[in-house]
Amino acid sequence: MGLAVDECLDNSISEDVKKANEVLGQQDAEQPTTPVKSRLQIPIPFEFKRPRRQNTRVFETNKLKKYLGPVLSHLERHEHSGPFLQPVDAEALGLVNYNDIVKQKMDLSTIRLRLETGFYIEPWQFIDDVWLMLDNAKRFNRKGTNVYRGAELLGKLFDEEVDRVMQEKMKYCCGKRLFYTPPTLFCVGKRVCIIPRETTYYSHGEQYIYCKKCFAAIPGDKVPLHNERQEIIKYVLKEEFDFRRNDHLEPEPLVPCRECGRLMHQICCMYLDHFWPDGYICENCRRPAFTPPVLLTAETLVKTRLSEFIESRVSNFLITSGAVDIKVAIRVVSSRDRLAQLKPQMNARFPERNGFPYRAKAIFAFLQLEGHEIAFFGMHVQEYGSDCPSPNNRRVYIGYLDSVQYFRPRELRTAVYREVLLGYLEYVRLRGFLTVHIWACPPGNDDDYIFHCHPPQQKIPQPGRLQEWYKTILRKGQEDKIVMEFKNLYKYILDEGLNPVDDLPYFEGDFWPMILEDSLKDIDKEEEKKKEEANANVTVAQGGPDSRLKKKPKKTIKRLSHHLAKDLPTKMINVIKRHQESFLVVILNTTEAIVNLPMRETEDGDCLLYADLMDGRDGLLSVAMERHYEFSSYRRAMFSTMLLLFELSHSEDQNVFMCSSCNLHFTKGFRCMECESESASVDMCPTCHDTERHIHDMTQIETKRNQTSQTSLLQLRMALVIGVLHAYTCFDDSCTRSTCQQYKQLYSHASACPRNSKDKCEECRPMAQLLKAHARFCIKVHCPVPNCSEFKMGFRLERVNKKFKHNRCLQRRMRMMLQQKSEQEPDSGEQTTIVDDIQPMELD
Numbered sequence: 001m002g003l004a005v006d007e008c009l010d011n012s013i014s015e016d017v018k019k020a021n022e023v024l025g026q027q028d029a030e031q032p033t034t035p036v037k038s039r040l041q042i043p044i045p046f047e048f049k050r051p052r053r054q055n056t057r058v059f060e061t062n063k064l065k066k067y068l069g070p071v072l073s074h075l076e077r078h079e080h081s082g083p084f085l086q087p088v089d090a091e092a093l094g095l096v097n098y099n100d101i102v103k104q105k106m107d108l109s110t111i112r113l114r115l116e117t118g119f120y121i122e123p124w125q126f127i128d129d130v131w132l133m134l135d136n137a138k139r140f141n142r143k144g145t146n147v148y149r150g151a152e153l154l155g156k157l158f159d160e161e162v163d164r165v166m167q168e169k170m171k172y173c174c175g176k177r178l179f180y181t182p183p184t185l186f187c188v189g190k191r192v193c194i195i196p197r198e199t200t201y202y203s204h205g206e207q208y209i210y211c212k213k214c215f216a217a218i219p220g221d222k223v224p225l226h227n228e229r230q231e232i233i234k235y236v237l238k239e240e241f242d243f244r245r246n247d248h249l250e251p252e253p254l255v256p257c258r259e260c261g262r263l264m265h266q267i268c269c270m271y272l273d274h275f276w277p278d279g280y281i282c283e284n285c286r287r288p289a290f291t292p293p294v295l296l297t298a299e300t301l302v303k304t305r306l307s308e309f310i311e312s313r314v315s316n317f318l319i320t321s322g323a324v325d326i327k328v329a330i331r332v333v334s335s336r337d338r339l340a341q342l343k344p345q346m347n348a349r350f351p352e353r354n355g356f357p358y359r360a361k362a363i364f365a366f367l368q369l370e371g372h373e374i375a376f377f378g379m380h381v382q383e384y385g386s387d388c389p390s391p392n393n394r395r396v397y398i399g400y401l402d403s404v405q406y407f408r409p410r411e412l413r414t415a416v417y418r419e420v421l422l423g424y425l426e427y428v429r430l431r432g433f434l435t436v437h438i439w440a441c442p443p444g445n446d447d448d449y450i451f452h453c454h455p456p457q458q459k460i461p462q463p464g465r466l467q468e469w470y471k472t473i474l475r476k477g478q479e480d481k482i483v484m485e486f487k488n489l490y491k492y493i494l495d496e497g498l499n500p501v502d503d504l505p506y507f508e509g510d511f512w513p514m515i516l517e518d519s520l521k522d523i524d525k526e527e528e529k530k531k532e533e534a535n536a537n538v539t540v541a542q543g544g545p546d547s548r549l550k551k552k553p554k555k556t557i558k559r560l561s562h563h564l565a566k567d568l569p570t571k572m573i574n575v576i577k578r579h580q581e582s583f584l585v586v587i588l589n590t591t592e593a594i595v596n597l598p599m600r601e602t603e604d605g606d607c608l609l610y611a612d613l614m615d616g617r618d619g620l621l622s623v624a625m626e627r628h629y630e631f632s633s634y635r636r637a638m639f640s641t642m643l644l645l646f647e648l649s650h651s652e653d654q655n656v657f658m659c660s661s662c663n664l665h666f667t668k669g670f671r672c673m674e675c676e677s678e679s680a681s682v683d684m685c686p687t688c689h690d691t692e693r694h695i696h697d698m699t700q701i702e703t704k705r706n707q708t709s710q711t712s713l714l715q716l717r718m719a720l721v722i723g724v725l726h727a728y729t730c731f732d733d734s735c736t737r738s739t740c741q742q743y744k745q746l747y748s749h750a751s752a753c754p755r756n757s758k759d760k761c762e763e764c765r766p767m768a769q770l771l772k773a774h775a776r777f778c779i780k781v782h783c784p785v786p787n788c789s790e791f792k793m794g795f796r797l798e799r800v801n802k803k804f805k806h807n808r809c810l811q812r813r814m815r816m817m818l819q820q821k822s823e824q825e826p827d828s829g830e831q832t833t834i835v836d837d838i839q840p841m842e843l844d
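Heads up: the sequence shown begins at 1 in UniProt numbering, then just goes up one per residue.
Hints are computed from structural coordinates only; laboratory data are not their basis.
In this text, a Cβ means the ideal position worked out from N, Cα and C, and glycines have one as well.
Heads up, some of the hints might be wrong.
Within a straight-line C-alpha distance of at most 25 Å, the following computed PhoX-like cross-link-like pairs (lysine-lysine) qualify [to be verified]:
1) K171 / K65
2) K156 / K171
3) K103 / K143
4) K63 / K171
5) K66 / K143
6) K65 / K156
7) K744 / K780
8) K66 / K171
9) K491 / K577
10) K471 / K459
11) K143 / K169
12) K65 / K169
Here are the computed distance ranges between Cβ atoms for each label pair [what the hints assert, rightly or not]:
13) A719 / K213: 51 to 61 Å
14) D247 / E160: 22 to 32 Å
15) N99 / T145: 16 to 26 Å
Construct the entire structure; sequences and hints are all you get.
And the structure:
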């Protein structure tokens, strides 16, 4: 089928290859405007050099001609191929700026020459050249021109033809040129606007990005740069900003087969280093006895009472609906105790309130399909229990709910979403919660709530349709005796006789804390303005003969302040009335009904689950955007789910063991009980257990994450912190502490390892992970452990960054809802200015 690199060099066509390369290489440094007359005298973007990667497959020239020649012939015979048959003669055609725009030139005659003379040694080189030619045409010519349309038609034909050949004849995963979805760029201006694809913007580094409109609106010739807390750190001249175009595309990576060298898309072959430690083997090269690696499933994650309750309800529904073979797993992937802190203005108004404690949970649903799993539904909730002070007592807030349309069968998709949500409502009702609050606001066109990059065909519902979707589910909840009643927030406040300021629930990341804070700020500004006017009147009065005027302004100030504060509830109730349909209150229980419930104190019998990846929606989205965990297509959704399951299964916070031989962490392995009794624990991973024989018989051990309680997690963390600190300060060579010698060996190697190779050193990695884990939980102010302070500072910056991004997202969400309402009511001037005047929120 193919030849090795060295064999190919001795092939009979090698002389032709050398000759063609010499001729092609001569023109690489020549003037680009020189007329091209000879078929061989064509510029190429790089000098031909055969790759020297070990085991790289090199196709024989006749094989490449046999498979790819017909594809190239179809392009040459196409009715729109005329402009692409020969190199572009920019000078003859009068294209003055062609050489400035098109840096690497390509045409069909060059591609034919390279194919005939053995220039290509594998098909991806051929594919790259064809796309380079078509991209050049699109880059230089405007949309709508004949050349641009011809490039589009040729590209469509080529994509279909080469994909079929690559899969059927050359045994590749596919022949498509695949790019990740480009990231959404957000302007840091006050409007919190989005920079669309193929539009221009201004940037100073990667952090400070402005759209053209916001950049032009900045007064003067200097731009203030803010840090994460919106504090100005310095000013930069406008001329120092780069003018860019939002057109960068990141290609999907290719993975070589260790046997044949074929390059496959990482996502196509579901490749992850952890499962292929010795390199990937494609399906063509797998022997009959080959056993593929077992991929992770949701079964490896913790099962909780909540997840089993919802999963049981969904399973019963699927069985009743006749979908017996459909398997859905529900998992709580994060459960942490948090505190919703009051913002400065509210804190000044209610100093006795020390915040509202709640438990934040992330609930995901996974579908088993075609041997793989896909995460298709996610929900972030906040549970304010019976120990939380009023007005948040016994309330639940559904902060974000998101889905991707990959559930099969399609006709049951919406019903399964309904069962998951109703299952959760039923569970919290039985635990004694009174109300559930929902902010029914769809995301913007370029925003994601939980899943990064939804399928292009999945439409974002309009606000009215989303609100009706929730109401339909809640009506089903009433039929099932889960929901007593539901109403919008405005009606709920009127029916309960609540004060819209003092009695309004205060949820983390909700719409109303922001509105309250802005309203209180406006009152302060008005009070300051009135005081200044009153003080001016005092000055005038003091100059006159009537001394009675001196005391009147003070009473006026007090009266004005009282009226302004009194107007706040009225102002809030008007805003609530205007947006009433976007906020639903679901009543699950009455105070009297709680007495008869088995769990009256809303106790959560489930353990806390720590996974930084799922700590709020921002954690997952940030990682997903950075690492391209996309759900834009079925194949990418499967791959992203596999990566998520791997991250969750190998979370830093789960109970893991360290191999005494290789110092790597593992969850399943072996322990010597005889050595354990002598205070010298010996644990071995499966690999070391098979290759290195211990003097005693060993017992199999396994992490039981579903049995991990909050107490044991805290004990584990404290043991890690104390163990690392002890090993660093211990000078006893015969210390019997189980982890002391292991940590000392890691210290010793890391100290002697050359600094410039630590990032690549396999032995240094466990040490770095150990120090990082220690710093995450260490509370010592002046810890002597190396790099502890640096890691702590990094964690603080991460938290501030996460908070900043969360606030930015909340601003966009608020602006989207307010803008939609303004479009629906164009004649209403109430609260419309906030659309353009949302300021960056303060970080708590």
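Can you give the numbers of the hints that this structure goes against, from lowest to highest? 5, 11
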